[in-house]
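Residue numbers (the working numbering), protein chains in the order written: chain A, 1 to 216; chain B, 217 to 441; chain C, 442 to 666; chain D, 667 to 1032; chain E, 1033 to 1398.
In case anyone wonders, no lab produced these hints; they're calculated from the structure.
Because the structure is a prediction, the values reported are computed rather than measured.
Hints are supplied without guarantee of correctness; some may be wrong.
[To be verified] SDA-like, lysine to any residue: derived pairs with alpha carbons at most 20 Å apart:
no., chain 1, residue 1, chain 2, residue 2
1, C, K483, B, T425
2, C, K512, A, E60
3, C, K585, E, Q1160
[Claimed, not checked] For the chain C half of the interface with chain B, some residues (derived, Cβ under 10 Å), not all of them:
no., residue
4, V495
5, Q551
6, E602
7, I624
8, V649
[What the hints assert, rightly or not] Label pairs and their in silico Cβ distance ranges:
no., chain 1, residue 1, chain 2, residue 2, range
9, C, A661, D, K739, 28 to 36 Å
10, B, S346, A, A94, 46 to 54 Å
11, C, S571, E, S1241, 53 to 61 Å
12, C, L463, A, H21, 34 to 42 Å
Note that CB positions come from ideal geometry on N, CA and C, so glycine has one too.
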Amino acid sequence: AANFAGAATELATAYKADTGHDVQITTGSTGKLYAQITQGAPFDLLLSADASTPERLAAEGHGPAFPYAFGVLTLWAPGMAPDRDPTVTLQDVAVRHIAIANPELAPYGAATIAALKAMGFYNAIAGKIVMGQNIGQAFAMVESGAAEAGFIARSALPADAKGLIWNVSPDLYPAIRQDAILLQHGNDNPAAKGFLSYLVTPAAQAIIARYGYALP
Amino acid sequence: MSGVDLGPLWLTLRLAAIVTFLLLLLAAPLAWWLSQTRSRAKPVIEALTALPLVLPPTVLGFYLLILFSPKSTFGAFWVQATGETLTFSFTGLVIASMLYSLPFAVQPLQAAFESLGRAPMEAAAMLRASPFDRFFTVALPLAKRGFLTATVLSFTHTLGEFGVVLMVGGNIPGKTKVISIAIYEHVETIRYADAHVLSAILLVFSFVTLLIVYSLNRQAARITG
Amino acid sequence: MSGVDLGPLWLTLRLAAIVTFLLLLLAAPLAWWLSQTRSRAKPVIEALTALPLVLPPTVLGFYLLILFSPKSTFGAFWVQATGETLTFSFTGLVIASMLYSLPFAVQPLQAAFESLGRAPMEAAAMLRASPFDRFFTVALPLAKRGFLTATVLSFTHTLGEFGVVLMVGGNIPGKTKVISIAIYEHVETIRYADAHVLSAILLVFSFVTLLIVYSLNRQAARITG
Amino acid sequence: MLTLDITLRFPGFCLQVAQKLPQTGITALFGRSGSGKSTLLRVIAGLESRATGRVAYGDDIWQDARHFTPPHKRGLGYVFQDTRLFPHLTVAGNLHYADRRARGLPGPTRDEVTAALDLGPLLQRRPQTLSGGEQSRAAIGRALLTRPRMLLMDEPLAALDEARRAEVLPYLERLRDRIGTPILYVSHNMAEVARLASHLLLIDAGRISHAGALQDLLASPDTISALGVREAGAVIHARLAAQDDDGLSQLHTSAGPLYLPRIDAAIGTSLRIRILAQDVILSRTAPTGLSALNILPATVTELHSGSGPGALVQLRTGDELILARITRRSATALDLAPGTPCFAIVKSVSVAPGNIGKDRAPTAKL
Amino acid sequence: MLTLDITLRFPGFCLQVAQKLPQTGITALFGRSGSGKSTLLRVIAGLESRATGRVAYGDDIWQDARHFTPPHKRGLGYVFQDTRLFPHLTVAGNLHYADRRARGLPGPTRDEVTAALDLGPLLQRRPQTLSGGEQSRAAIGRALLTRPRMLLMDEPLAALDEARRAEVLPYLERLRDRIGTPILYVSHNMAEVARLASHLLLIDAGRISHAGALQDLLASPDTISALGVREAGAVIHARLAAQDDDGLSQLHTSAGPLYLPRIDAAIGTSLRIRILAQDVILSRTAPTGLSALNILPATVTELHSGSGPGALVQLRTGDELILARITRRSATALDLAPGTPCFAIVKSVSVAPGNIGKDRAPTAKL
Ligand SMILES: Nc1ncnc2c1ncn2[C@@H]1O[C@H](COP(=O)(O)OP(=O)(O)OP(=O)(O)O)[C@@H](O)[C@H]1O
Ligand SMILES: Nc1ncnc2c1ncn2[C@@H]1O[C@H](COP(=O)(O)OP(=O)(O)OP(=O)(O)O)[C@@H](O)[C@H]1O
Ligand SMILES: [Mg+2]
Ligand SMILES: [Mg+2]
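Looking at chain A on its own, in the form it has when it is part of the complex (with noise of 0.2 Å):
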């Protein structure tokens, strides 16, 4: 997923560190990753954005699935006071345009829907959202100042980020499960599994919090 990009670099370096093999990450949206499986690309394995992926593949004799990571859905308003209130925030007619990214494509748009919906107001604010293909699309929508507030990814959230930032409570969303699985194509790949085992070690894990990740 390509959410993951920055932290998969960086595991796959560690990852090299420590065993020598070569890991060659390909980032794309999930949706095509999965057609460009299904039609044979020469994947070994995929970390996905989520779990329904990963499932379908595995019932499609792929497998096995586990997950490697949570996402934490973070609401982002650069232009606002941090510690004003966010649902105050999210109605005020200061803020034309909220972007999520898409609730079809990516389980963060999916999410931002469900906490929307929670949280009771939806209906008030339908008519700002601007959505995004994905998060990191929703992201830059933020950030060009295009969108005052959007639904965004921890992870993707620059260490300096200014304004209001609030990361929405898991209770409010279901769980944005990233699932990991071994392709068919990287069954006789020592390599691609050895990587997979490794992203459940401490050190691994400890990489992936530091991106802004809840963990497993």
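Mind docking chains B, C, D and E with the ligands on chain A? Use the hints.
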């Protein structure tokens, strides 16, 4: 497979029609100027007009997003002047698409104008036609084939492209969600059957439109001899 | 911001150069045929050649992926004939990009050929030039401006497009990861600084290339008078 | 008065003309292929922006160091050597294009032009389907409908056959007389020039070598070398005196009566008759029993022997000067010298119809 | 023998020609503007695929119901009315284009053509920068370098001045004589035609109205109405007998000696001399003291009075028939009738240089 929502199709057609129309309005004088000028700036402008094609659409969209956003000077000016933001609006889509399809309009028109040579324009000048007059009554009709190419390329490109549109438009149903985004979504969400249906509709519709355009053009050419 | 990897740039240039070259080879005879034929099939073929533009690139890529995959008849045949799969290979990228940029090559060339009229070809025939001969020695040179347009549009479009390429090529570094994908990735993964650097490199490089092309063209035109 | 003082340089060619042209009547521009005729017309029309110098039409300055009137504001008509009809319009459309932009200006109507140039059957046709001569006629018609202050014509009749020329020429003459539009006329055909023009410009390698009233130039042995021997000839004035029953017209000239095949004009009309030097035979004694009707008493005024076998004799007959081109052998045999009285025999039918022009109003001096 | 039996219909025009053309010498195609001359040439060249019927050149069938030889395989040269030089090539490039594709075929070399048409100074120029006449010359040169089996020329000299024509014509004649390439030559200029051609086709409204040996047609009062009065005239054979000191050439004809301005040819050369009917004066008595050197004894053979003031007299002088155009008044005054003996006075210089042609080998019969 759910019922197919045709809203994005109409939105797309409206967008493509408006973009193509405005683009031709804008590109014709630019292409004409390029074809006539002896300015040393000519190759520079020519190279610039081709540049929108070089960046990946999403990336171009990203930069346009930054340019259009109310935080930028241009975006702020626009908000002040019109009360609307350019981002996430149909107007913004139109401007972004125009920029992106600019090369498809300018280049064929310029080529057509250049192939005219000076003779017909000189002849028109000797019939008391002002430069403006002869542009409309001689250059434009004689560059008809260039207009056809420019129109077809701009229109179809606007139909199909979505990278720029997605970034700048924000995929708002009924406002900025065009058909290309809809098809893309279906593919990404593995709803292939829906994708096939929408693609087929778009393809058949486009094919029929193009067929009509080309058949009319052929008849016109035959009459002209 | 990490050190910028220029590998994708060279890969892209190779791809764009090969695609443009092959595309012109393919498009020139097709455009010529279209410009000369009185066949009733002409408008149909014309409409068909414009269709690749209509589908969103990713979606077109999706269908090409299905067509190229070893599971399809065509893909299987290819594997048998060459031992390679078309999907996720450079060859596959070339074919996919050619298909996608086809309209940009065919349309300007056809317009250029049509604007020639019959007079120069008749003159060449009376100088003992066979149809083949006169195509190369008269039609092609006189359609130079159309070739310039076709080349610039095909080349820049191949530089910038990534939807098709991403789908068919699978973004494999050194093999199918072109610069447009790299920039796209940087934007998507919020490595904006890297994206800016790569975009700037691509833009400057393209601008300089285009500037050189247009300046040469201008000089040639001036000599030709 | 069209005043020119211009320079235009091409690689290997330089047009340099300082000249005044009359603003009435037809001025012929005559010169060899490549001598700069078309280029001069283009400069006058304002189509050569690289030309430097000064162009003024009456009080209007069209071009000088600071000012340049664009072509479409000069009010000129131009018949291009290569016609340049608009391919996207029919012949009617081409005519209409000019007509519409010249509404309200004095000049011929669309119907008049169509009739005079016999364009009726061609109106609905595209230029690409016309024959060479048909294109020329349409281009002339279009230029006339511009109702110009001055008409520039670049070999307009070169693609026409004799019969067509004989139809178109009188129409141009009528226009000249009725509308008074001055015409600058490029031609290779001296018969055409002599019939139409009142003034003549001879251009050679980009410079005007001779300029003046047609009659003076054609009767001057001096100009002959520039014109080429075969075109030498004089133009004399005549008045139509009577129309005889057997189809001949009787003309009155200061030299005596002249008989020509019937000229369709009113009795009393002033005419200009061209007599080619090579159509004149000289005799010392009054000849009898000849089929030639016109025998004019004359006196030799000048005798020029060239390097070739010919000699050019200038004669005064009445008030007029005419030229005769004979062989040196004959000049010797007849013992001709300035002052010698003799007879000039002019075959009536050798005065070509193309060389009869209706005289214009008093000729402006160059 | 080029055998034609073809039909081509345009809206409002129908070309219908069944005709054999000789495969040697120059055949002139003469007719009014719009009569179908260019169209006929295009049909022969194979450029009008809509034409139906049969075209055969000798034994080669170029077109019939089943077969169509494409233009580039017919081995023809074509000088188009609108020149059609390639704008992307220089003049040298245009010549080379033809030359390269005709390697090894008999015909003039590039240098010869360049010299003959004075193309040297133009070689590095683009066609767009050439004057009208310069373009014509380059187009002629290009067609010659195709070294064709037959040359089709559509008014090739219309844009040239007299002096240029006088340079180009002899070169075409030399080609005709040396290489023997047959030429089908469209022209509006009867002097050109009479000088060059051995055969004549008169075309009118898409049909051939007269066809035959030039000499027969020009001397036949019958053809005159088709040609227009001014072009009537006869061509007679002569042999160059002597070059006199005073620049005259003495010719021997069956009618007696003729004196003409110097002709550059070897003593003994066969020549064809055109005498326009209107350049002949008749006298009942032998005239004396005239500047005209050529006085031929003759007998009237036919007398045609037209509706106009003129009369056309056919005369036998020696073995030749010549025509004289005089007024009816003179015919009556001189009491002319078939059988009347008289004298034909021909001004030596009135036989234009353009009307002297070197005679070809025996003329093929139509
Ligand atoms: N654009 C140009 N570049 C260079 N030389 C040129 C250009 N235009 C004209 N010339 C040259 O200038 C000279 C005059 O050309 P112009 O067309 O005026 O001749 P012209 O008198 O009209 O001849 P013609 O009777 O053959 O039409 C010619 O030698 C021609 O080659
Ligand atoms: N494509 C066409 N469509 C319709 N009519 C045509 C077409 N081509 C030629 N014609 C007509 O056929 C007739 C003969 O044309 P053609 O060009 O052969 O004449 P031409 O004898 O060469 O005349 P010119 O001396 O004026 O060149 C003309 O009346 C012309 O208008
Ligand atoms: Mg000229
Ligand atoms: Mg013609």
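Here is how each hint holds up against the structure:
no.: 1; hint: C/K483 <-> B/T425; in the structure: 15 Å, holds
no.: 2; hint: C/K512 <-> A/E60; in the structure: 16 Å, holds
no.: 3; hint: C/K585 <-> E/Q1160; in the structure: 17 Å, holds
no.: 4; hint: V495; in the structure: 4 Å, holds
no.: 5; hint: Q551; in the structure: 8 Å, holds
no.: 6; hint: E602; in the structure: 7 Å, holds
no.: 7; hint: I624; in the structure: 5 Å, holds
no.: 8; hint: V649; in the structure: 8 Å, holds
no.: 9; hint: C/A661 <-> D/K739: 28 to 36 Å; in the structure: 34 Å, holds
no.: 10; hint: B/S346 <-> A/A94: 46 to 54 Å; in the structure: 52 Å, holds
no.: 11; hint: C/S571 <-> E/S1241: 53 to 61 Å; in the structure: 38 Å, violated
no.: 12; hint: C/L463 <-> A/H21: 34 to 42 Å; in the structure: 38 Å, holds
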